[in-house]
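Chemist: What follows is each chain in one-letter form.
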Amino acid sequence: MRKTVKIIVAIIVTISCSSCEREIDLKLRNTFPKLVVEGNVLMGLDTLIETQEIRLSLSSNYTGNSFPEPVTNATVKVMDEVNTFDFTHSNDGIYKSNFVGQLNKTYKLIITYDGDTYEAIETMVSGPKIDSLSLVYQSGAFGDGGGYFVAINTKDPVNQQNFYLWRLLINNKFLINPTPGNRYRSIQKDEFFNGQSLVNYVPSDEFPVKSGDITQMQQFNISEQMYNFYFAIFNLTAASSITGDVPPGKILGNVLNKSNSTKNALGYFGACSVSIKTMKQKL
Amino acid sequence: MLTIIRNYLQIILLVVSITANAQKHTISGYLKDSLTNEFLIGATIRIANTQIGVSSNAYGFYSLQTERGKVTLQVNYIGYEQKLIIVDLNANLTLDILLSEKRQTLNEAIVTGTKANQRIVSTEMSTDKISAKDIKQMPMVLGEADVIKSIQLLPGVSAPNEGSGGFNVRGGSADQNLILLDEAIVYNPSHLFGFFSVFNADALKDATIYKGGIPAKYGGRLSSVLDIRMREGSNKKFAATGGIGLLSSRLTLETPIGKMRENGANGSMLISARRSYADIFLPLIQDTTINRNKLYFYDVNFRSNYRISSKDRIFLSGYFGRDKIDIPNSFGNSWGNITGTLRWNHVINSKIFLNVSAIYSNYDYEITFYPGNSFKWKSELSNLNFKLDLDYYANDKHSIKFGVGSIYYTFNPGNISPVGSTSSVVGSSNPLKYALENYLYVQDDYKIMDRLSIMYGIRVSNFAQLANEAVPNYVDGKPLIFNPSINNYERGEIASFDSKSKNSLQNSSIGFEPRLSINYQIDESSSVKLGYNRMYQYIHLLSTATSPTPLDIYTPSSSFIKPQIADQIAAGFFKNINDNNYEFSVETYYKWMQNQFDFIDGASPLLNNSPETILLNGSARSYGVEIMVKKSEDRFTGWISYTLSKAERRTPGVGGGRGINNGQYYATNYDKPHNLAITSNYQLNKKWAISANFIVQSGRPITYPESKYTFSGLSVPEYSERNAQRLPLYHRLDIAVTFKGKETMKRFKSQWVFGIYNIYNRQNAANITFRETVSTTGENYEVGTGINKAYRLTYFGITPSVTYEFKF
Chain W
82 MRKTVKIIVA IIVTISCSSC EREIDLKLRN TFPKLVVEGN VLMGLDTLIE
132 TQEIRLSLSS NYTGNSFPEP VTNATVKVMD EVNTFDFTHS NDGIYKSNFV
182 GQLNKTYKLI ITYDGDTYEA IETMVSGPKI DSLSLVYQSG AFGDGGGYFV
232 AINTKDPVNQ QNFYLWRLLI NNKFLINPTP GNRYRSIQKD EFFNGQSLVN
282 YVPSDEFPVK SGDITQMQQF NISEQMYNFY FAIFNLTAAS SITGDVPPGK
332 ILGNVLNKSN STKNALGYFG ACSVSIKTMK QKL
Chain C
484 MLTIIRNYLQ IILLVVSITA NAQKHTISGY LKDSLTNEFL IGATIRIANT
534 QIGVSSNAYG FYSLQTERGK VTLQVNYIGY EQKLIIVDLN ANLTLDILLS
584 EKRQTLNEAI VTGTKANQRI VSTEMSTDKI SAKDIKQMPM VLGEADVIKS
634 IQLLPGVSAP NEGSGGFNVR GGSADQNLIL LDEAIVYNPS HLFGFFSVFN
684 ADALKDATIY KGGIPAKYGG RLSSVLDIRM REGSNKKFAA TGGIGLLSSR
734 LTLETPIGKM RENGANGSML ISARRSYADI FLPLIQDTTI NRNKLYFYDV
784 NFRSNYRISS KDRIFLSGYF GRDKIDIPNS FGNSWGNITG TLRWNHVINS
834 KIFLNVSAIY SNYDYEITFY PGNSFKWKSE LSNLNFKLDL DYYANDKHSI
884 KFGVGSIYYT FNPGNISPVG STSSVVGSSN PLKYALENYL YVQDDYKIMD
934 RLSIMYGIRV SNFAQLANEA VPNYVDGKPL IFNPSINNYE RGEIASFDSK
984 SKNSLQNSSI GFEPRLSINY QIDESSSVKL GYNRMYQYIH LLSTATSPTP
1034 LDIYTPSSSF IKPQIADQIA AGFFKNINDN NYEFSVETYY KWMQNQFDFI
1084 DGASPLLNNS PETILLNGSA RSYGVEIMVK KSEDRFTGWI SYTLSKAERR
1134 TPGVGGGRGI NNGQYYATNY DKPHNLAITS NYQLNKKWAI SANFIVQSGR
1184 PITYPESKYT FSGLSVPEYS ERNAQRLPLY HRLDIAVTFK GKETMKRFKS
1234 QWVFGIYNIY NRQNAANITF RETVSTTGEN YEVGTGINKA YRLTYFGITP
1284 SVTYEFKF
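Sequence order for the protein chains is W and C.
Okay, so the first sequence: first residue is 82 according to my numbering, each after it adds one.
Okay, so the second sequence: first residue is 484 according to my numbering, each after it adds one.
There may be inaccurate statements among the hints.
Stated by the list, open to error - Taking lysine-lysine pairs in the BS3-like style, the calculated list, with each CA pair at most 25 Å apart, reads: (1) 1272(C) / 108(W); (2) 270(W) / 861(C); (3) 961(C) / 331(W); (4) 1225(C) / 1170(C); (5) 1272(C) / 270(W); (6) 331(W) / 1272(C); (7) 115(W) / 158(W).
Quick caveat, the hints were computed from the structure, so don't treat them as lab data.
Let's have the full structure, built from the sequences with the hints guiding it.
Modeler: In structure tokens form, the structure reads like this:
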């Protein structure tokens, strides 16, 4: 080829917006309601916790406007090696009992409901306290949702395998929403930072704080099993259609039906040490 | 190693001397394209009016024997003019034969002569070949010619999803396909999360897929072999080919190397590059997880060859490609393949052809997690492959293939490093894993009688995992145990560590893989074939995703993860109709697969260096019927393929624990009982051609929730048994029109391709997902409402495209 060939190319771009996500109506198979257990025996690392709470509810149809009903007529008790603590229903399916949780003690939850007996066993997990809270400014990933976020400072112990769960309360209200961030921020295992300090770590970047807000961060030291359960729950509730690390599956907690093994309860019964720090924000 | 090769060579030469036949002479040489001198793979050469014939091997070489005297050679290749050559044979003859590409003759009255009935004669079954030209003619998304998307239209081949870079063959998973680019393994064939494949059609010659009756020279994967060959470039003149499309632009340059002689130079070189500018179009994709920030891919193909002597030729080829995505504060990902092939072809004598190759392949990915404790994770897999293949055309009844090879793998399961000053992640790396796969194969194509031929062979493979790290010994040898008190699985306790000295043998397994196919020719235009093959796969893709993702990395067989084994039987009936113008085939198969690993429910393989603690060992089976009618020449070309099949898995639990779906058979992610594809191309006149695809498939299996409950302030779905439901029926029609520009300048050719993908805008479901809806509170916080909804994701509705292509 000797000549330089001049190529003039004109392309009319007529590309349509062709990828989209739409809400659809889908007839789903429904299953019978199952007992759902949510509750922990807690031991305060920096505050004394004297009241323990267990919440019971029933699962309901996936779609539609029905909400899970609270279970108010169950018998709930927790046993350690020596004592039995009876729980009484207070409101909205929440059962309460007054006792103080102790480290390394094994607790057994026993629930009698609708003729079936359910049991769960968990051993109280030790772990570090939150040293302090701080504020961190983060800009949003897509130019929105930026602001000041509550961060924690803590030191991971070197000689222990630790699993963490954090909960954020603003003005006494627990805040969470179904995003993938829960999986990456609200739970952690120390596999990659064993023995290190977590400095200005933001467990929840969905809820920026305002001046005057009372913010509380709760750091739960949880078992590996409980971590796995939360990981799976956070995964399922932040389904992205593009990625999806874990396929939908039957996620079982640790509450077993001793009368009928095909009807195990959903949810998880934990025993955790917890560090709670509160701070009034001045921005 | 060398002594082994020498011994085998001696044995083979011994066989030569026994079977040598004094009355016969050998004709051998290369089959080439008349314009560019590029080698033609699988072209057939026969002695007219006899059953004697061979097809050219992967390097274009052929050799056949016949009685002395006057014979007529009949040479055929799809898309090329038939050539008849009369030779008077009184000694061995070396003859390179040039075939000319068929010009589109638009007068159908012209009789093009007898077409080849290669599919009827050959022992090969369950095999399809697509040329780069076929690939380029098909209408594709955004006009990107795509080899993977093209083979997905063949019978027995399906895609788990529209935007899937992988493919499934006869009920096998995507990692069970051996994808070779110039004999180098390509570990991940996807660009842009699988929407496009890594192969640039301008640099390709053709692609052959083996779904069954897999020749003994291939191994290492259970389900199929996709053998893609690059063009070597013209050794006659410089040429440039290019294309400008909506998604990417590409340019290919080819040039002769060395002194120009009458029949071309001694060597040639081709280089082809492509880059996407998807970044510009990203805002058009609505999903905010992918529509902003950095996102592009590019790839470069290179190939050259040089003739050292009449008997020796060397080749050097390579591929380099990369994808990059970066969403600051959220997620970053980058991945790519590198391959390199150095090959020496040597004609030992007119009957023996030797190929020696050194091949390198690499795949790596990098992922950055920005949330919270930012870190970067990098994982890599590479291999070095040395191999030697011998084609020995013993006599007119036997043609023997023999080879040995070794593949040395290096796996980097991952290393982690902190990103940013506030990250408290401590950088660390998992020890590399090393393994050596050795193999040896021998195969004989034996023409027992005029009508009966048989291909039988065996491949013996060995996989050795080499020690480089302390391997855990679990209590009772169980890496995964079931704990009845929590009714769930747990990691097994580690009792001790097994520390062998570096590079000593950690674990080894051996596989005997018989291969067999039989062809009984009923008459000139029909035959029945039977096939059996056993395959071993020693490296495993541990992934929970429905289709391949960039984060997939293979892991070697170990004492915990046993090699996968597949047995397949297949039977087929092949009939050519209307003077070989139409090829009809029907095939049926049954396949069993052992050691099919699956994850326990809820487990994540990401960043997990002890996958054995979350894996269950299961089995799989698949069976089906495939029907195809194909017309490959003249103005109208195309095929209709229909597959009726079933692909199931069974994963029982261990230690009293639940299996997946209680240990019952369940549909695999890619089980599509009905799969119909029609693809066609019609040349209207010299300027215009029109092509169309029509596809109807069962929706893939999916798992739907069957209830919800509240936990941790979230509305949590409880899912049914795995893959108990199906996505809605998938169908679409694509059309493309090609307009050839005027040849205004000498040698300059151009064409426009206008395409419309999914012309009637069917909203096919790529996925259906379920989410809790959110609402904004008085404090301007987005929180869950407790109400869940189903969402259907469609990747491609009606998508027009335009591509400009040129060549000079």
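Chemist: Please name the hints from earlier in the document that this structure breaks, with their numbers sorted from lowest to highest.
Modeler: 5
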